[in-house]
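Student: Listed below are the residues making up each chain.
There are 2 protein chains.
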Amino acid sequence: MTSAMLSTSLRLCKHISPSRHLHKSVAMASKVLTMETLNPHVKTMEYAVRGPIVARAGAIEKELKEGAKKPFDKVIRANIGDCHACGQPPITFLRQVVALCTYPPLLESSDFPADAKDRAERILAGCKGRSIGSYSDSAGVEVIRRDIASYIEKRDGGVKCDFNNVFMSTGASDGIKAILNLMISHSPATPTGVMIPIPQYPLYTATASEYGLHPVPYYLNESNKWGLDISELQRAIDAQRAHCTPRALVVINPGNPTGQVLSRENIEGVIKFAKKEKLFILADEVYQHNVYASGSSFFSFKKVLSELGPDYADLELASFMSTSKGYMGECGYRGGYCEVINMDPEVRGQMLKSLSAKLCPSVSGQAAMEVVVNPPRPDEPSYESFVKERDQVLGDLKLKGRLTTETLNSMEGMSCNEVMGAMYAFPQIHMPQKAIDEAKAKGTKPDTMYCFQLLEETGICVVSGSGFGQREGTYHFRMTILPTVDDLKSLLAKLKAFHVGFMARYK
Amino acid sequence: MTSAMLSTSLRLCKHISPSRHLHKSVAMASKVLTMETLNPHVKTMEYAVRGPIVARAGAIEKELKEGAKKPFDKVIRANIGDCHACGQPPITFLRQVVALCTYPPLLESSDFPADAKDRAERILAGCKGRSIGSYSDSAGVEVIRRDIASYIEKRDGGVKCDFNNVFMSTGASDGIKAILNLMISHSPATPTGVMIPIPQYPLYTATASEYGLHPVPYYLNESNKWGLDISELQRAIDAQRAHCTPRALVVINPGNPTGQVLSRENIEGVIKFAKKEKLFILADEVYQHNVYASGSSFFSFKKVLSELGPDYADLELASFMSTSKGYMGECGYRGGYCEVINMDPEVRGQMLKSLSAKLCPSVSGQAAMEVVVNPPRPDEPSYESFVKERDQVLGDLKLKGRLTTETLNSMEGMSCNEVMGAMYAFPQIHMPQKAIDEAKAKGTKPDTMYCFQLLEETGICVVSGSGFGQREGTYHFRMTILPTVDDLKSLLAKLKAFHVGFMARYK
Chain A
1 MTSAMLSTSL RLCKHISPSR HLHKSVAMAS KVLTMETLNP HVKTMEYAVR GPIVARAGAI
61 EKELKEGAKK PFDKVIRANI GDCHACGQPP ITFLRQVVAL CTYPPLLESS DFPADAKDRA
121 ERILAGCKGR SIGSYSDSAG VEVIRRDIAS YIEKRDGGVK CDFNNVFMST GASDGIKAIL
181 NLMISHSPAT PTGVMIPIPQ YPLYTATASE YGLHPVPYYL NESNKWGLDI SELQRAIDAQ
241 RAHCTPRALV VINPGNPTGQ VLSRENIEGV IKFAKKEKLF ILADEVYQHN VYASGSSFFS
301 FKKVLSELGP DYADLELASF MSTSKGYMGE CGYRGGYCEV INMDPEVRGQ MLKSLSAKLC
361 PSVSGQAAME VVVNPPRPDE PSYESFVKER DQVLGDLKLK GRLTTETLNS MEGMSCNEVM
421 GAMYAFPQIH MPQKAIDEAK AKGTKPDTMY CFQLLEETGI CVVSGSGFGQ REGTYHFRMT
481 ILPTVDDLKS LLAKLKAFHV GFMARYK
Chain B
1 MTSAMLSTSL RLCKHISPSR HLHKSVAMAS KVLTMETLNP HVKTMEYAVR GPIVARAGAI
61 EKELKEGAKK PFDKVIRANI GDCHACGQPP ITFLRQVVAL CTYPPLLESS DFPADAKDRA
121 ERILAGCKGR SIGSYSDSAG VEVIRRDIAS YIEKRDGGVK CDFNNVFMST GASDGIKAIL
181 NLMISHSPAT PTGVMIPIPQ YPLYTATASE YGLHPVPYYL NESNKWGLDI SELQRAIDAQ
241 RAHCTPRALV VINPGNPTGQ VLSRENIEGV IKFAKKEKLF ILADEVYQHN VYASGSSFFS
301 FKKVLSELGP DYADLELASF MSTSKGYMGE CGYRGGYCEV INMDPEVRGQ MLKSLSAKLC
361 PSVSGQAAME VVVNPPRPDE PSYESFVKER DQVLGDLKLK GRLTTETLNS MEGMSCNEVM
421 GAMYAFPQIH MPQKAIDEAK AKGTKPDTMY CFQLLEETGI CVVSGSGFGQ REGTYHFRMT
481 ILPTVDDLKS LLAKLKAFHV GFMARYK
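Here the protein sequences come in this chain order: A and B.
Sequential numbering of the first sequence, starting at 1, is according to full-length UniProt numbering.
Sequential numbering of the second sequence, starting at 1, is according to full-length UniProt numbering.
If we strip away everything but chain A, and leave its shape as in the complex, we get (with noise of 0.2 Å):
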């Protein structure tokens, strides 16, 4: 963290409880908690989708309300994959279902359609005393599972699923950090190394610092569409290893921030560096129905390592699924899953205790994920309308990402990859110099400072590259492309008018 970040981070505090801050000097003494106190690995954990811009940006709304004059009338949020919060309507079918499972006298109601009391009737007769409101299984609920091993064998064409690999979590972040979990050494000689690409989505470093991992940085290469080259994998393991045991890799595909889709090539590339350095593959694939540029598909890690033959047959991996993207976008049901394969049983046993203590994942998010994966099929009466929903948000966000793309890209000093997938850009400030100057002048990074100056002249929060990583001397910012159609031209021209002005001002 940055003295400059640290600093607006404390503000924060002081914002929030001023009356206690003012007697700090005299309780500190008594405190058993404290700054000292705290848990190391806490203090240096960051996590910079929510961090002090996005503070700062909740801070201006304060004001805003408040009645503070400002060039803009309210901010906007483009930091986070927060679909409906950027005004995208839920998918009809998928409310109707978690509807009818929270108050099942609707199952009476001529005003909901039959497949959706179908999928409702599943769900309860999955859980125990048919209610929502009781505990499922750690893992979930059986049946849920069950669909959720039938919508990946669909998507892998045909291959095997097994439902007994597949655990539900709070988000994909909480199956994420179950598994990292699983492979903490303890040994402060010997840490755990995991490869995570940078940029990254910032969970990774995160939960490294909060686990005391050791992170294997590895390079994605933004000349070439942020694709991932074994070349800077190998790189980045051979640099690392005598500071670590390297035993995991990362890759978030559709990428986060980077917007890539990797291509079936790319993929079996990866895959036989993990055969051949023994790593457990973490494949981070939440965007997985977020593919737009033409000629990409996406290929999950399951189905190319399937068919790459006996030799690899035996490599672990787990994948990560969430109802927070996609079309659906439900983020507030925290529900994801995590398909486990390979995994050596003994450690999935051992897993599934340490799950156990969570008791379960919720069963509201269990069961839009239900819908996630087990959509109105083509005779069924929510279909076409569900097909319609799904389209206009699928291609509104294709429009959007290429709307973005061109946009910044026709900026002098910023150039962007194509949004090829999930829901971001992540495009690069080619810095005039003096800006760098007048950053390292105020202990702040150079695309911090821009997102801050961004922020306080138009109401337009990003996230500065800086949270996500990147090559050292390069500068970049992340935004989504989910505000709506109307609100995104007028978000770019807004940063477009910006930074001309911010370009001109360094010039």
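A couple of the hints might just be wrong.
If chains are identical, the list can't say which one is meant, so a pair holds when it fits in one copy or spans any two.
[To be verified] In the DSS-like style, the derived pairs of lysine-lysine whose C-alpha atoms are separated by at most 25 Å in a straight line are:
#1 Lys31 with Lys275
#2 Lys31 with Lys303
#3 Lys31 with Lys272
#4 Lys31 with Lys160
#5 Lys496 with Lys398
#6 Lys177 with Lys31
No wet-lab data here; the hints were simulated from the structure.
Small disclaimer: the values here were computed from a predicted structure and weren't measured.
Following the hints, position chain B against chain A.
Tutor: Chain B only, in chain A's frame:
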């Protein structure tokens, strides 16, 4: 874990994946994640409430489904406080509110009462994009946190509660873990000591194992209604001081698994002890609505603390609450909150940062929590039916608690304290020496042997005392009082017959 437990657990793994297990010897050689490389804290962690006895209960259910002949028709799960699973119906108002939030077109329906619509509108107005599918702030939806603060103020007779001190969580468990996570020391020479009651809810020892915290066990006094003796707290901390830095004291009130309700005087003594020893109090108060004993009332640690005068005004305290217990019993929603008092503001900022990497707790769970803290008021249309439903549940629980202890105490070789609160009985089995010897010969614990025999002979699933902790040489089990009155009567009759047989067999 005893070897018997382990072998049961391994049987379960085999059962889950026979085909993979066959290839184990071949595959093991090349695995990354094995029992040797697995996080050792995961290995040592135990969680009895969902442990081997419960796994066996699940296996028996499958055997019954497949036509196996048993001396019973179905498994009766009295192992976990899972209200709806035992047939307790949901509170209508809660489900109406959550259904309205889930599917807002229902706000137009005349089938839903105005007060339920008001609550739903209140929640939706607090959600970004008016959708429970958007992420909330990491600490929870602000309006719900404000309503929680009002609830706490009212509960405590006006003691002030700042909503900024309220953090919502995924069930109470997640909040408890978030606080304990802050206390990890990572310095093997001086681990943080956490005082844990024995018997305890096993989340605490499981989390201590997972986080490398040093448990400082203190015994509750079975001969005094499972009360909390201050002299025992002193003995316990003195005994462990050389092995750790004691920083936290866990109190569960009303008690789980013990069902005691602490007197106000007893709580005062605990607070004075915590002050003297510089301990952060974790008050697990999830059963605050479940008090049945005449003359007993729930006193929150916060209220008692606030009335002890200025010497105690800065004592650090975290109190936990849940949607899962009380009369709502909505376990599946995984709703919960934590109120922190007197936490160092910088530490609180760090906690907020660490919560932010989880994004947010399930928003539908937060909506359920809104109803827990803000149920229908006397002037509202749903009040009468709500009160009827609430009183039915609490009245039944009181009756079932009495029925359970009376029956248990009527058995020779069994004794049980009154179920003053919560939803469990924790009887002592006065174990015959012959049974103790047999268990020893079989490498299992006598109470575990008792519970396995009970399960195999009657289908009743309870958890042995060793899963919660108990004084050396005493043997208990925990059973819930949740089955319907008729089911509970039948359960108790079967249990009595089994117990008589068991005592005769080992006389």
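Student: Work down the list of hints and note, for each, if the structure agrees.
Tutor: Okay, the hints, checked on the actual structure:
1. Taking identical chains as interchangeable, the C-alpha atoms of Lys31 and Lys275 lie at most 25 Å apart only when they sit on different chains, with a minimum of 10 Å there against 50 Å within one chain.
2. Taking identical chains as interchangeable, the C-alpha atoms of Lys31 and Lys303 lie at most 25 Å apart only when they sit on different chains, with a minimum of 20 Å there against 54 Å within one chain.
3. When the C-alpha separation of Lys31 and Lys272 is checked against a cutoff of 25 Å, the pair qualifies only between copies, where the shortest distance is 15 Å, while the shortest distance within a copy is 53 Å.
4. With identical chains, the CA atoms of Lys31 and Lys160 are at most 25 Å apart between copies only, with a shortest distance of 21 Å across copies and 56 Å within one.
5. Proximity of Lys496 to Lys398 under the C-alpha cut-off of 25 Å is restricted to the intra-copy arrangement: shortest distance 21 Å within a copy versus 67 Å between copies.
6. For the identical chains of this complex, Lys177 and Lys31 are inter-copy neighbours only, at 20 Å across copies versus 31 Å inside a copy, given an alpha-carbon limit of 25 Å.
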